[in-house]
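S.K.: Sequence:
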Amino acid sequence: CPKDSGCIQLRDQSIVCTDCPAGYAGPRCEVCADGHFGDPTGQFGPPKECEECQCNGNVDPNAVGNCNRTTGECLKCIYNTAGEHCDKCLSGFFGDALLQNNKGDCKRCECHEAGTLESSEGSPQCDGLTGHCACRPRVIGKNCDMCEVNISLGQQWRRNQSRYINKMYHLVSTCMRNHFNGGSYKLLQVVQPLIYFGDIDVSLGKQPGYKGRNFVNSLT
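Mapping of the sequence shown onto our numbering: position 80 corresponds to residue 377, and the numbering continues sequentially without gaps.
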(Lines of atoms letter the chains of each structure in order from A; the text may use other names.)
(Lines give C-alpha, C1' and ligand atoms only; values in the text may rest on other atoms or scores of the structure.)
Protein backbone atom coordinates (compact mmCIF):
# COMPACT_ATOMS: atom_id res chain seq x y z
CA CYS A 298 0.00 0.00 0.00
CA PRO A 299 1.11 3.58 -0.49
CA LYS A 300 3.01 5.22 2.34
CA ASP A 301 0.80 6.20 5.29
CA SER A 302 -2.15 4.27 3.83
CA GLY A 303 -4.06 1.94 6.13
CA CYS A 304 -4.69 -1.69 5.28
CA ILE A 305 -6.49 -4.79 6.48
CA GLN A 306 -5.85 -8.52 6.09
CA LEU A 307 -8.74 -10.60 4.80
CA ARG A 308 -9.54 -14.17 5.78
CA ASP A 309 -7.73 -15.47 2.72
CA GLN A 310 -4.60 -13.71 4.00
CA SER A 311 -4.70 -11.09 1.22
CA ILE A 312 -3.99 -7.46 2.05
CA VAL A 313 -6.36 -4.67 1.03
CA CYS A 314 -5.53 -0.99 1.29
CA THR A 315 -8.18 1.06 3.08
CA ASP A 316 -7.06 4.64 2.52
CA CYS A 317 -5.89 5.17 -1.06
CA PRO A 318 -4.64 8.64 -2.04
CA ALA A 319 -7.05 10.86 -3.97
CA GLY A 320 -7.42 9.61 -7.53
CA TYR A 321 -6.39 6.02 -6.79
CA ALA A 322 -8.44 2.85 -6.28
CA GLY A 323 -8.13 -0.93 -6.22
CA PRO A 324 -7.11 -3.44 -3.50
CA ARG A 325 -3.54 -2.08 -3.56
CA CYS A 326 -4.35 1.42 -4.89
CA GLU A 327 -2.90 0.16 -8.17
CA VAL A 328 -5.46 1.69 -10.57
CA CYS A 329 -6.84 5.15 -11.15
CA ALA A 330 -10.18 5.96 -9.58
CA ASP A 331 -13.22 6.92 -11.66
CA GLY A 332 -12.78 10.38 -13.16
CA HIS A 333 -8.99 10.06 -13.17
CA PHE A 334 -6.43 8.62 -15.57
CA GLY A 335 -2.86 7.36 -15.58
CA ASP A 336 -0.82 4.15 -15.36
CA PRO A 337 0.44 3.75 -11.76
CA THR A 338 1.99 0.31 -12.30
CA GLY A 339 3.47 0.97 -15.74
CA GLN A 340 1.30 -1.63 -17.43
CA PHE A 341 1.35 0.22 -20.77
CA GLY A 342 4.73 1.95 -20.50
CA PRO A 343 6.53 4.11 -17.94
CA PRO A 344 4.51 4.48 -14.71
CA LYS A 345 2.32 7.56 -14.69
CA GLU A 346 0.58 9.04 -11.67
CA CYS A 347 -3.19 9.31 -11.64
CA GLU A 348 -4.59 12.75 -12.36
CA GLU A 349 -8.06 14.16 -12.83
CA CYS A 350 -9.57 13.94 -16.30
CA GLN A 351 -9.96 17.29 -18.04
CA CYS A 352 -13.40 17.46 -19.63
CA ASN A 353 -13.93 21.21 -19.25
CA GLY A 354 -17.04 20.82 -17.13
CA ASN A 355 -18.92 19.31 -20.07
CA VAL A 356 -19.74 15.99 -18.39
CA ASP A 357 -22.24 15.01 -15.71
CA PRO A 358 -20.25 14.98 -12.44
CA ASN A 359 -22.59 12.32 -11.04
CA ALA A 360 -22.07 9.92 -13.95
CA VAL A 361 -19.69 6.95 -13.87
CA GLY A 362 -17.16 6.35 -16.65
CA ASN A 363 -16.86 9.92 -17.89
CA CYS A 364 -13.33 9.28 -19.17
CA ASN A 365 -10.91 6.52 -20.10
CA ARG A 366 -8.85 5.68 -16.99
CA THR A 367 -5.69 5.12 -19.02
CA THR A 368 -5.73 7.82 -21.71
CA GLY A 369 -7.94 10.46 -20.09
CA GLU A 370 -10.15 10.74 -23.18
CA CYS A 371 -13.59 12.07 -22.24
CA LEU A 372 -16.33 9.62 -23.18
CA LYS A 373 -19.62 11.21 -22.12
CA CYS A 374 -19.60 14.83 -23.32
CA ILE A 375 -22.86 16.75 -22.83
CA TYR A 376 -24.15 20.24 -23.78
CA ASN A 377 -23.69 19.34 -27.49
CA THR A 378 -19.89 19.19 -27.07
CA ALA A 379 -17.34 16.72 -28.42
CA GLY A 380 -13.61 16.10 -28.63
CA GLU A 381 -11.02 14.33 -26.50
CA HIS A 382 -11.60 16.88 -23.75
CA CYS A 383 -15.18 17.95 -24.64
CA ASP A 384 -13.53 21.13 -25.87
CA LYS A 385 -15.40 21.78 -29.11
CA CYS A 386 -18.97 21.78 -30.34
CA LEU A 387 -20.51 18.62 -31.71
CA SER A 388 -20.62 18.31 -35.52
CA GLY A 389 -23.57 20.37 -36.76
CA PHE A 390 -23.36 22.79 -33.81
CA PHE A 391 -21.43 26.01 -33.20
CA GLY A 392 -20.46 28.22 -30.28
CA ASP A 393 -17.92 28.32 -27.43
CA ALA A 394 -17.67 24.89 -25.82
CA LEU A 395 -15.27 26.22 -23.16
CA LEU A 396 -17.57 28.79 -21.55
CA GLN A 397 -17.75 28.00 -17.85
CA ASN A 398 -20.55 30.33 -16.78
CA ASN A 399 -22.90 29.68 -19.69
CA LYS A 400 -22.99 25.98 -20.45
CA GLY A 401 -25.02 25.01 -23.49
CA ASP A 402 -23.53 27.69 -25.77
CA CYS A 403 -23.14 25.14 -28.58
CA LYS A 404 -26.21 25.76 -30.76
CA ARG A 405 -27.43 23.83 -33.78
CA CYS A 406 -26.29 25.31 -37.10
CA GLU A 407 -29.15 26.70 -39.19
CA CYS A 408 -27.91 25.34 -42.52
CA HIS A 409 -30.25 24.84 -45.48
CA GLU A 410 -29.86 21.09 -45.88
CA ALA A 411 -30.14 21.00 -49.68
CA GLY A 412 -27.55 23.75 -50.18
CA THR A 413 -24.99 22.56 -47.62
CA LEU A 414 -22.22 19.97 -47.87
CA GLU A 415 -22.49 17.03 -45.48
CA SER A 416 -19.88 16.14 -42.87
CA SER A 417 -18.51 12.62 -42.49
CA GLU A 418 -21.18 12.08 -39.80
CA GLY A 419 -23.93 12.93 -42.30
CA SER A 420 -24.86 16.28 -40.73
CA PRO A 421 -24.58 19.65 -42.55
CA GLN A 422 -21.05 21.05 -42.36
CA CYS A 423 -20.65 24.35 -40.53
CA ASP A 424 -17.89 26.26 -38.79
CA GLY A 425 -17.85 25.22 -35.13
CA LEU A 426 -17.18 28.79 -33.95
CA THR A 427 -19.12 31.05 -36.35
CA GLY A 428 -21.92 28.79 -37.56
CA HIS A 429 -21.15 29.59 -41.22
CA CYS A 430 -22.30 26.63 -43.32
CA ALA A 431 -20.15 24.94 -46.00
CA CYS A 432 -22.08 25.63 -49.20
CA ARG A 433 -22.34 23.51 -52.31
CA PRO A 434 -21.12 25.00 -55.63
CA ARG A 435 -23.01 28.18 -56.69
CA VAL A 436 -24.75 28.36 -53.30
CA ILE A 437 -23.96 31.17 -50.86
CA GLY A 438 -25.04 32.77 -47.58
CA LYS A 439 -24.24 31.98 -43.97
CA ASN A 440 -26.93 29.29 -44.04
CA CYS A 441 -26.34 28.23 -47.69
CA ASP A 442 -29.85 29.31 -48.62
CA MET A 443 -29.13 31.56 -51.63
CA CYS A 444 -27.92 30.97 -55.18
CA GLU A 445 -24.85 32.79 -56.46
CA VAL A 446 -25.29 35.23 -59.32
CA ASN A 447 -22.46 37.60 -60.14
CA ILE A 448 -22.37 38.60 -63.81
CA SER A 449 -20.69 41.64 -65.37
CA LEU A 450 -23.15 42.99 -67.95
CA GLY A 451 -20.87 45.60 -69.53
CA GLN A 452 -21.67 48.19 -72.20
CA GLN A 453 -23.93 45.87 -74.22
CA TRP A 454 -26.61 45.68 -71.50
CA ARG A 455 -29.04 48.19 -73.01
CA ARG A 456 -29.05 46.54 -76.47
CA ASN A 457 -29.08 42.93 -75.27
CA GLN A 458 -31.25 42.85 -72.15
CA SER A 459 -33.04 39.62 -73.09
CA ARG A 460 -29.77 37.77 -73.74
CA TYR A 461 -28.23 38.75 -70.41
CA ILE A 462 -31.40 38.06 -68.44
CA ASN A 463 -31.56 34.57 -69.93
CA LYS A 464 -27.90 34.04 -69.04
CA MET A 465 -28.66 34.99 -65.45
CA TYR A 466 -31.74 32.78 -65.40
CA HIS A 467 -29.71 29.79 -66.64
CA LEU A 468 -27.23 30.11 -63.75
CA VAL A 469 -29.96 30.70 -61.20
CA SER A 470 -32.25 27.90 -62.38
CA THR A 471 -29.34 25.42 -62.41
CA CYS A 472 -28.61 26.21 -58.77
CA MET A 473 -32.32 25.99 -57.92
CA ARG A 474 -32.77 22.62 -59.61
CA ASN A 475 -29.68 21.17 -57.97
CA HIS A 476 -30.18 22.37 -54.41
CA PHE A 477 -33.60 23.87 -53.65
CA ASN A 478 -37.24 22.86 -53.83
CA GLY A 479 -40.01 25.43 -53.96
CA GLY A 480 -40.17 28.87 -52.42
CA SER A 481 -38.66 32.22 -53.28
CA TYR A 482 -35.04 33.11 -52.80
CA LYS A 483 -33.26 36.45 -52.69
CA LEU A 484 -30.09 36.34 -54.77
CA LEU A 485 -26.80 38.25 -54.80
CA GLN A 486 -26.39 41.55 -56.56
CA VAL A 487 -25.76 41.41 -60.27
CA VAL A 488 -22.59 43.37 -60.97
CA GLN A 489 -22.90 46.10 -63.59
CA PRO A 490 -20.22 48.64 -62.72
CA LEU A 491 -21.05 51.16 -65.47
CA ILE A 492 -24.81 51.47 -65.03
CA TYR A 493 -26.23 50.34 -61.69
CA PHE A 494 -26.59 47.48 -59.28
CA GLY A 495 -29.68 45.36 -59.06
CA ASP A 496 -30.81 42.09 -57.59
CA ILE A 497 -32.88 39.16 -58.72
CA ASP A 498 -35.85 37.48 -57.08
CA VAL A 499 -36.67 34.01 -58.36
CA SER A 500 -39.87 32.18 -57.49
CA LEU A 501 -39.72 28.55 -58.55
CA GLY A 502 -42.45 27.61 -60.96
CA LYS A 503 -42.92 31.24 -62.04
CA GLN A 504 -41.23 33.49 -64.55
CA PRO A 505 -38.46 35.38 -62.75
CA GLY A 506 -37.66 38.97 -63.60
CA TYR A 507 -34.74 41.35 -63.35
CA LYS A 508 -35.64 44.35 -61.19
CA GLY A 509 -33.71 47.47 -62.12
CA ARG A 510 -34.15 51.12 -61.24
CA ASN A 511 -37.46 51.79 -62.98
CA PHE A 512 -38.41 48.63 -64.79
CA VAL A 513 -39.00 44.88 -64.55
CA ASN A 514 -38.04 42.89 -67.62
CA SER A 515 -39.66 39.45 -67.36
CA LEU A 516 -38.21 36.39 -69.01
CA THR A 517 -40.06 34.70 -71.84
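Hints should not be assumed to be uniformly reliable.
Here are the simulated PhoX-like cross-link-like pairs (lysine-lysine), alpha carbons at most 20 Å apart as the crow flies [stated by the list, open to error]:
id, residue 1, residue 2
1, Lys-345, Lys-373
2, Lys-404, Lys-373
3, Lys-404, Lys-439
Now the in silico label distances, taken between C-beta atoms and shown as ranges [stated by the list, open to error]:
id, residue 1, residue 2, range
4, Ile-375, Ser-302, 50 to 56 Å
5, Gly-303, His-429, 56 to 62 Å
6, Leu-372, Gln-310, 33 to 39 Å
7, His-429, Glu-370, 27 to 33 Å
8, Pro-358, Arg-308, 35 to 41 Å
Hints in this document: simulated from the structure, not taken from any laboratory.
Nothing here was measured: the structure is a model prediction, and the numbers come from that model.
Quick reminder that beta carbons are idealized off the backbone N, C-alpha and C, glycines included.
S.K.: Each hint needs a verdict: does it hold in this structure or not?
M.R.: Here is what the structure says about each hint:
1. Lys-345 with Lys-373: violated (23 Å)
2. Lys-404 with Lys-373: holds (18 Å)
3. Lys-404 with Lys-439: Between Lys-404 and Lys-439 the Cα gap is close to 15 Å, so the pair holds against 20 Å.
4. Ile-375 with Ser-302: 50 to 56 Å: At 34 Å between Cβs, range violated.
5. Gly-303 with His-429: 56 to 62 Å: holds (58 Å)
6. Leu-372 with Gln-310: 33 to 39 Å: holds (37 Å)
7. His-429 with Glu-370: 27 to 33 Å: Hint holds: Cβ distance 29 Å, inside 27 to 33 Å.
8. Pro-358 with Arg-308: 35 to 41 Å: holds (37 Å)
The structure fails hints 1, 4 (numbered hints given earlier, in ascending order).
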